[in-house]
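The listed protein sequences correspond, in order, to chains H and X. So the first sequence is numbered by our numbering: it starts at 406 and just counts up by one. So the second sequence is numbered by our numbering: it starts at 2 and just counts up by one.
Keep in mind that a hint or two might mislead.
[Claimed, not checked] These stretches of chain H come out as covered by chain X in the derived footprint (C-beta under 8 angstroms, 3 or more residues):
{"#": "1", "segment": "459 to 473"}
{"#": "2", "segment": "495 to 505"}
{"#": "3", "segment": "510 to 518"}
{"#": "4", "segment": "574 to 583"}
{"#": "5", "segment": "588 to 594"}
{"#": "6", "segment": "615 to 622"}
{"#": "7", "segment": "630 to 642"}
[To be verified] Taking CB as the label site, the calculated pair distances span:
{"#": "8", "chain 1": "X", "residue 1": "Q47", "chain 2": "H", "residue 2": "K526", "range": "44 to 54 angstroms"}
{"#": "9", "chain 1": "H", "residue 1": "T644", "chain 2": "X", "residue 2": "L166", "range": "44 to 54 angstroms"}
{"#": "10", "chain 1": "X", "residue 1": "R120", "chain 2": "H", "residue 2": "T644", "range": "48 to 58 angstroms"}
{"#": "11", "chain 1": "H", "residue 1": "S655", "chain 2": "X", "residue 2": "V55", "range": "27 to 37 angstroms"}
{"#": "12", "chain 1": "X", "residue 1": "F167", "chain 2": "H", "residue 2": "S490", "range": "43 to 53 angstroms"}
{"#": "13", "chain 1": "X", "residue 1": "Q47", "chain 2": "H", "residue 2": "D561", "range": "56 to 66 angstroms"}
{"#": "14", "chain 1": "H", "residue 1": "L478", "chain 2": "X", "residue 2": "I43", "range": "46 to 56 angstroms"}
{"#": "15", "chain 1": "H", "residue 1": "R482", "chain 2": "X", "residue 2": "V213", "range": "23 to 33 angstroms"}
{"#": "16", "chain 1": "X", "residue 1": "T82", "chain 2": "H", "residue 2": "F683", "range": "45 to 55 angstroms"}
{"#": "17", "chain 1": "H", "residue 1": "F683", "chain 2": "X", "residue 2": "Q207", "range": "14 to 24 angstroms"}
Since the hints were derived computationally from the structure, they do not count as laboratory data. Where a beta carbon is used, it is the ideal one built from N, C-alpha and C, also for glycine.
Here's the letter readout for the chains.
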Amino acid sequence: MSITDTAPVPAAHDERGRPVKKRREGANVWLSLLAWIVGILFVLPVVWMVLTSFHSEANAATNPPSVFAPLTLEGYREFFSGGASPWPPLLNSLTASVISTLIVLLLSLPAAYALSIKPVKKWTDVLFFFLSTKMLPVVAGLLPLYLFAQNTGLLDNIWLLILFYTSMNLPIAVWMMRSFLSEVPVEMLEAAQMDGANLTKTLRSVIAPVVTPGIAATALICFIFSWNELLFARVLTATVAETAPVFLTSFVTSQGLFLAQLCAAAFVVSLPVLVAGFAAQDKLVQGLSLGSVK
Amino acid sequence: MTSVAEQAGTQTDAPQPAPGAARRASAWARRAPLLPALIFMIVVTQLPFVATLVISFMDWNAYYPSERGFAGFDNFVRVFTDVNMRDAVWTTILLTAGVVLISLVLGLGIALLLDRKFRGRGAVRTMMIAPFLVVPVAAALIWKHALYNPEYGLFNGALTWIWGLFGSDNPPQPDWISNMPLWAVIFSLVWQWTPFMMLILLAGLQGRPLDVIEAARIDGANTWQIFRSMTLPHLRQYLELGALLGSIYIVQNFDAVFTITSGGLGTANLPYTIYQIFYQAHDYGRASAAAVVVVIGTIIIATFALRTVSSLFKQEAGR
Chain H
406 MSITDTAPVP
416 AAHDERGRPV
426 KKRREGANVW
436 LSLLAWIVGI
446 LFVLPVVWMV
456 LTSFHSEANA
466 ATNPPSVFAP
476 LTLEGYREFF
486 SGGASPWPPL
496 LNSLTASVIS
506 TLIVLLLSLP
516 AAYALSIKPV
526 KKWTDVLFFF
536 LSTKMLPVVA
546 GLLPLYLFAQ
556 NTGLLDNIWL
566 LILFYTSMNL
576 PIAVWMMRSF
586 LSEVPVEMLE
596 AAQMDGANLT
606 KTLRSVIAPV
616 VTPGIAATAL
626 ICFIFSWNEL
636 LFARVLTATV
646 AETAPVFLTS
656 FVTSQGLFLA
666 QLCAAAFVVS
676 LPVLVAGFAA
686 QDKLVQGLSL
696 GSVK
Chain X
2 MTSVAEQAGT
12 QTDAPQPAPG
22 AARRASAWAR
32 RAPLLPALIF
42 MIVVTQLPFV
52 ATLVISFMDW
62 NAYYPSERGF
72 AGFDNFVRVF
82 TDVNMRDAVW
92 TTILLTAGVV
102 LISLVLGLGI
112 ALLLDRKFRG
122 RGAVRTMMIA
132 PFLVVPVAAA
142 LIWKHALYNP
152 EYGLFNGALT
162 WIWGLFGSDN
172 PPQPDWISNM
182 PLWAVIFSLV
192 WQWTPFMMLI
202 LLAGLQGRPL
212 DVIEAARIDG
222 ANTWQIFRSM
232 TLPHLRQYLE
242 LGALLGSIYI
252 VQNFDAVFTI
262 TSGGLGTANL
272 PYTIYQIFYQ
282 AHDYGRASAA
292 AVVVVIGTII
302 IATFALRTVS
312 SLFKQEAGR
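Turn these sequences into a full structure, and let the hints guide you.
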């Protein structure tokens, strides 16, 4: 399966004899151990966040760390009912992410159809126009959007964020959907047309089965990016349309012992992304590579 | 609306070239599904840029509303002579290059480790992905307060513990963020982006033609030779893709800089600096000029980057 795995071709090393193979197997054990250590190191901050969130404030801020301190829900209680309620920001984030993702899908599906199955002229240029908008620094759009919102009374309105998240994710979605749609075999489309299937039937019976996993991958990525966004949410919202990441940053100003509460907050806000991401690990790769890695 | 247009398209889409008006109608039917997305993107990305361009030539500070007017190139002169802006450009380059290169190298190493069969491979892969799924602000906050904090952070806590094992009660307790602010930001981002690179490279590794590699091994090529002359060339396009996408996102990074150092101690990158000119100094004219300069710089760099993608793209070959 890989460069170090030589089991299927022992003949290659006959002249060097068995010891070589044994040493190789020994190396394999060490490499597996190394993989485990690296994996544990990478997941450690996440585990530490979760563990600390279940400790009391006093036990959370000790040096050396009190790993085996008694567990408590104090941090979560404090987060949900201590100060300002986190529910409105969480709901705002959910609204903005879900609605913008739906709009993105509605716009990107037909666009991708016109870029792959029945391509317009110069479809590559159009595709690269979409990608180029992703390369522009978003911060350049911050001021005009702020002034526009100020003049139209849309500041601190969740629909403004929905509009922005749609524009932020649409290019990614078009690229992804195009790469999934171009997997629909041409022969199948031609066969469907020969059989006299109309567009709706073709869409439903030929295109949909191939593309549905692609739609899921696109939706997952768009949801994660919208849910994570901080800069625009911070500038364009205040008390009403505040999203969860903005709520998190306002959290730290509180002084005194707050580490357990902070970890609880960080975990709660990350939970939807963690759940969605773990549930759809393979979709994640496809999505992140704009559909070019299957 | 679009579906009606599409149906018209399929009907007029006869195998032989349709003459005149019919052909034009069919061309528009082809374009129709594309138009909503395209028009939306043009409106929301190009109009704000025009506005930014106009404002960049204006004297406009929200603190002095009466002094609004035409400023000529003043804002641009101020942007180019501003030491903070020059530092910000340099910081952005260091930050982006640092994070992309380190996470690519780490990601490649880990992808190679995971491209073998061993007990718990799925579990290790899942553990590796976790950092990428923590909301960036939350990750930055955790790194700042739960890991880097000099008094009770996990790093210094672990140092105390390790030194304690050897009977020393005088462990080193560095203040990570003050001692190496830019590296503190870079490490937290490397932690988040290594999984991304690893996933793309792992997918690349699994698409290798195994029979060719086995043939090379039978011919007596050793592990390093196979890696150098077969695996690495095969991975090249995946490395480029990872570097390109990583750069697009990390150049724009705001969350980590804003949270971990608040742009202090020489870590203010371009997005943070422009945010500050706009949000704290309320100098709209100068913020816009800075944005215009950044956009032009980005276009120059992106032209090269897009060439890379389009060369990748040609291999895929469209229909």
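Each hint tested on the structure:
1. 459 to 473: Since three or more residues must qualify, the claim that chain X covers the segment 459 to 473 of chain H holds, with 6 doing so at under 8 angstroms.
2. 495 to 505: Check failed, 0 qualifying residues.
3. 510 to 518: Three-residue rule met by the segment 510 to 518 of chain H, so holds; n is 5.
4. 574 to 583: Our answer is that it holds, as 3 residues pass the Cβ test (under 8 angstroms) against chain X, meeting three.
5. 588 to 594: Violated, because only 1 residues of the segment 588 to 594 of chain H bring their Cβ atoms closer than 8 angstroms to Cβ atoms of chain X.
6. 615 to 622: violated (count 0)
7. 630 to 642: Coverage by chain X holds for the segment 630 to 642 of chain H (5 residues, Cβ < 8 angstroms).
8. X:Q47 x H:K526: 44 to 54 angstroms: violated (21 angstroms)
9. H:T644 x X:L166: 44 to 54 angstroms: For L166 of chain X against T644 of chain H, whose Cβ atoms are near 50 angstroms apart, the range 44 to 54 angstroms holds.
10. X:R120 x H:T644: 48 to 58 angstroms: holds (52 angstroms)
11. H:S655 x X:V55: 27 to 37 angstroms: This hint holds: roughly 33 angstroms between Cβ atoms.
12. X:F167 x H:S490: 43 to 53 angstroms: holds (48 angstroms)
13. X:Q47 x H:D561: 56 to 66 angstroms: violated (26 angstroms)
14. H:L478 x X:I43: 46 to 56 angstroms: With Cβ atoms ~51 angstroms apart, the hint holds.
15. H:R482 x X:V213: 23 to 33 angstroms: violated (60 angstroms)
16. X:T82 x H:F683: 45 to 55 angstroms: For T82 of chain X and F683 of chain H the Cβ distance comes to about 50 angstroms; the hint holds.
17. H:F683 x X:Q207: 14 to 24 angstroms: holds (20 angstroms)
Hint compliance for this structure: hints 2, 5, 6, 8, 13, 15 are broken, all remaining hints hold.
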